[in-house]
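**Student:** I would like the entire structure built from these sequences, with the hints used as guidance.
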Amino acid sequence: MSEVLVLVDHVDGAVRKPTNELLAIAKKLGSPSAVFIGSADAASGVVETVKKYGAEKVYVVDDAEVRGYLVAPKAEVLAQLVEKTSPAAVLLVSGSEGKEVAARLAIKTSSGIITDAVDVAEDGTATQSVFAGNYTLTGKVTHGTPIITVKPNSATPEDAAGAGEVEQFSPTISDAAKGAQVVASQPRQSTGRPELTEAAIVVSGGRGTGGDFAPVEKLADALGAAVGASRAAVDSGWIPHTFQVGQTGKTVSPQLYVANGISGAIQHRAGMQTSKTIVAVNKDEEAPIFELVDFGVVGDLHSVLPALADAVEARKN
Amino acid sequence: MNIIVCVKHVPDATADRKFESDNTVDREGVDGLLSELDEYAVEQALQLREKRDGEDITITALTVGPAKAVDAVRKALQMGADKGVHVSDDAIAGSDYVGTSLVLAKAVEKLGAESKVDLVVFGMASTDGSGGVVPAMVAERLGLPQVTLASVVETQGDQVRIKRDGDTATEVVGATLPIVLSVTDQSGEARYPSFKGIMAAKKKPLETLTLADIGVESSEVGAAAAWTAVEDTTARPPRTAGEIVTDEDGSGAEALAGFLASKKFI
Ligand SMILES: Cc1cc2nc3c(=O)[nH]c(=O)nc-3n(C[C@H](O)[C@H](O)[C@H](O)COP(=O)(O)OP(=O)(O)OC[C@H]3O[C@@H](n4cnc5c(N)ncnc54)[C@H](O)[C@@H]3O)c2cc1C
Ligand SMILES: Nc1ncnc2c1ncn2[C@@H]1O[C@H](COP(=O)(O)O)[C@@H](O)[C@H]1O
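Protein chains in written order, with the working numbering: chain R, 1 to 317; chain Z, 1 to 266.
Don't take each hint at face value.
Chain Z residues, not near chain R, derived (Cβ > 10 Å throughout) [said to hold, decoys possible]:
#1 Met1
#2 Ser21
#3 Asp53
#4 Ala125
#5 Ser130
#6 Glu140
#7 Pro145
#8 Leu206
#9 Asp213
#10 Glu217
#11 Asp247
For each label pair, taking beta carbons as the anchor points, the in silico distance ranges come out as [as the list claims (entries may be wrong)]:
#12 Glu285(R) <-> Glu28(Z): 34 to 40 Å
#13 Glu285(R) <-> Gly250(Z): 17 to 23 Å
#14 Gly29(Z) <-> Glu313(R): 49 to 55 Å
#15 Pro205(Z) <-> Thr191(R): 47 to 53 Å
#16 Asp159(R) <-> Arg239(Z): 38 to 44 Å
#17 Glu167(R) <-> Asp158(Z): 40 to 46 Å
#18 Ala229(Z) <-> Asp159(R): 43 to 49 Å
#19 Asp12(Z) <-> Glu167(R): 48 to 54 Å
#20 Glu109(Z) <-> Arg67(R): 28 to 34 Å
#21 Ala121(R) <-> Pro205(Z): 46 to 52 Å
#22 Thr234(Z) <-> Glu122(R): 18 to 24 Å
#23 Ser185(R) <-> Asp82(Z): 45 to 51 Å
#24 Gln181(R) <-> Val245(Z): 54 to 60 Å
Read the hints as simulated data drawn from the structure, not as lab findings.
Every residue gets a Cβ at the ideal spot worked out from N, C-alpha and C, and that includes glycine.
**Tutor:** Take a look at the structure:
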């Protein structure tokens, strides 16, 4: 069975959940091989994790020549592994970096690329959700090695261990790939809440919060949810851009999305329309967000959310 | 200094965007415009020129697309770009990212042959395809450093520094010109064309190039040369109307809690 390369998405050796989802998809297409580009110290922990979720093989690549540069060296590593293994496909997480690595890899290996897949079938047919979630599109790579980036939350990780056979791989990184140098890096501060793109529940606030996110956060904590925001809230400086949901923010696809004081502009929908259940609190009954909801409350979020948080806590006990 | 800004003409996102029966985007039924995210790219190019007052800086807006796509270039000229280039050829229709990036890269090379290109600026993603992959592809093809998704751009001499809000970290990235740059919608509001700008744009040079002009074979682009094939497009079934309640003295929170419990979220 052909290998399927999965680029491990991690922060300093902490494997992010979408990687485990990719391994589950890879198993449908062939034999999952994880590619870990990182520091040698972190390798054993990473191998443990990806093995647990089905990696038959793990290519461990020391990142000494990769770490300090933007995107291009990672694409070179993968291109060399594609050359070596002739895989059935290469899967990457559909984040900003994953997509750009995939883009360069496609050119390097003369391969077709599909971005933002929400599902990949056994035969390689990928499903995408386009035009702000208004259309579903299926398609296939017809040339070269299928290179597919898959959105987080598109598959359920499978707790079925693979052989996890480790192979060290030493790539050659060209000088040309080192043109964009990372001169400083500030890791994202953990909020103590679930990761926005990975969370099962997202509670978001918009302009309607008037800048006070406390009710949104209180409800999020009662539900064990991640906090999100509209661009209006971000542009007002109420919350950092990393919390933004939408076309130019994060795409989320949780089990439950709770939109508070958000009107439901097309660009916001683009980032949340594929959520399984959608709930909104908005004081304007005409707000377009109500066209999307499974349940909506016309009311002031400043009174509804605290009461809801209390009701949630009460029902938990 | 020579700056090229790549701008795409896209169907209006607030209109009812559709696919044709052949699974290509309906570009006739919906009004098109300069992709809003590319306005930020034009804006950054203009700001760079303003900050480097006294230098001889030419900004060229480049688009690849059907006849109507020239409107995207026009808008860029109205905002303040100096020259426009529209690559238009029937053979390009149906191209995927790979094809589009080839045409853009070849067009940049062709413009570079006339006078060296220092900076190629892109939007972070097109508002229709929203792949966000074309800048990286063009960088790969041109062999230039890729400095992408910038929320802040600073230049000094031939040095460029940007801030990039990545998935897991905020990074400062540095590179030496020439480079490929892409900017996000966090990089600063794009200006509206002024009346003067609109009048001036009418006199600015606007060149139309064919594939032959930039040295691309028809067989290298278009639907037949695409390395991906769309098999099917389906409109999402409308969501079934949900239940809407009006909050009165806390009833809304109770009703919503009941709904969440019924769905096992509590
Ligand atoms: C190129 C481009 C990209 C964009 N990308 C994004 C993106 O990624 N994400 C995004 O979100 N937007 C994006 N936008 C912006 C988008 O078009 C909207 O402007 C934005 O989503 C509006 O945010 P909002 O819903 O919070 O604000 P508004 O549209 O102002 O809505 C506020 C809502 O709050 C309600 N409200 C007010 N007070 C209360 C209260 N006390 N209680 C309850 N409800 C209340 C109001 O009734 C209203 O419906 C983008 C726009 C463009 C052009
Ligand atoms: N047909 C095109 N003509 C000019 N520029 C384009 C075209 N397609 C994409 N671009 C540029 O590439 C960026 C990213 O596009 P995409 O990868 O399609 O999301 C856009 O913001 C534009 O700057």
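**Student:** If a hint holds in the structure, say so; if it does not, say that too.
**Tutor:** Structure-based check of all given hints:
Under the 10 Å C-beta cut-off, the non-interface status given to Met1(Z) relative to chain R holds; the minimum distance is some 18 Å. With a closest Cβ-Cβ approach of about 13 Å to chain R, Ser21(Z) is found to remain outside the 10 Å limit, as its non-interface label requires. Residue placement check: Asp53(Z) keeps its beta carbon more than 10 Å from all beta carbons of chain R (closest about 26 Å). The beta carbon of Ala125(Z) is not kept farther than 10 Å from every beta carbon of chain R, the shortest such distance being approximately 8 Å.
In this structure Ser130(Z) is not separated from chain R by more than 10 Å, as the shortest Cβ-Cβ distance comes to only about 7 Å. The non-interface label for Glu140(Z) is inconsistent with chain R: the shortest C-beta to C-beta separation is roughly 4 Å, within 10 Å. For Pro145(Z), the requirement that its beta carbon stay farther than 10 Å from each beta carbon of chain R is not met, with the minimum near 3 Å. Every CB of chain R lies more than 10 Å from the CB of Leu206(Z), the least distance being 29 Å, so the non-interface label holds.
Every CB of chain R is more than 10 Å from the CB of Asp213(Z) (nearest about 22 Å), matching its label as outside the interface. With a least CB separation of 15 Å from chain R, Glu217(Z) remains clear of the 10 Å interface cut-off, as annotated. Interface exclusion of Asp247(Z) from chain R breaks down, the closest Cβ pair being 3 Å apart, not more than 10 Å. Between Glu285(R) and Glu28(Z), the C-beta spacing of about 36 Å keeps the proposed range 34 to 40 Å intact.
Distance hint check for Glu285(R) and Gly250(Z): the Cβ-Cβ separation is about 18 Å, which falls inside the suggested range of 17 to 23 Å. Checked against the hint of 49 to 55 Å, the C-beta distance between Gly29(Z) and Glu313(R) comes to roughly 50 Å, which is consistent with it. One distance hint, 47 to 53 Å for the beta-carbon pair Pro205(Z) and Thr191(R), holds here, with the actual separation near 51 Å. Evaluation of the 38 to 44 Å hint for Asp159(R) and Arg239(Z) yields a failure: the beta carbon distance comes to about 32 Å.
In this structure the hint that Glu167(R) and Asp158(Z) lie 40 to 46 Å apart at CB holds, the actual value being about 41 Å. Take Ala229(Z) and Asp159(R): their Cβ atoms lie about 35 Å apart, and the range 43 to 49 Å is violated. At roughly 50 Å, the beta carbons of Asp12(Z) and Glu167(R) sit within the given window of 48 to 54 Å. A hinted range of 28 to 34 Å holds for the C-beta pair Glu109(Z) and Arg67(R), which are about 31 Å apart.
Remark: the range hint 46 to 52 Å for Ala121(R) to Pro205(Z) is upheld by a beta-carbon distance near 50 Å. In this structure the supplied range 18 to 24 Å holds for Thr234(Z) paired with Glu122(R), their Cβ-Cβ distance being about 20 Å. Range check, Ser185(R) to Asp82(Z): Cβ separation about 36 Å, and the 45 to 51 Å hint is violated. Checking the proposed 54 to 60 Å range against Gln181(R) and Val245(Z) shows it holds: the Cβ atoms sit about 55 Å from each other.
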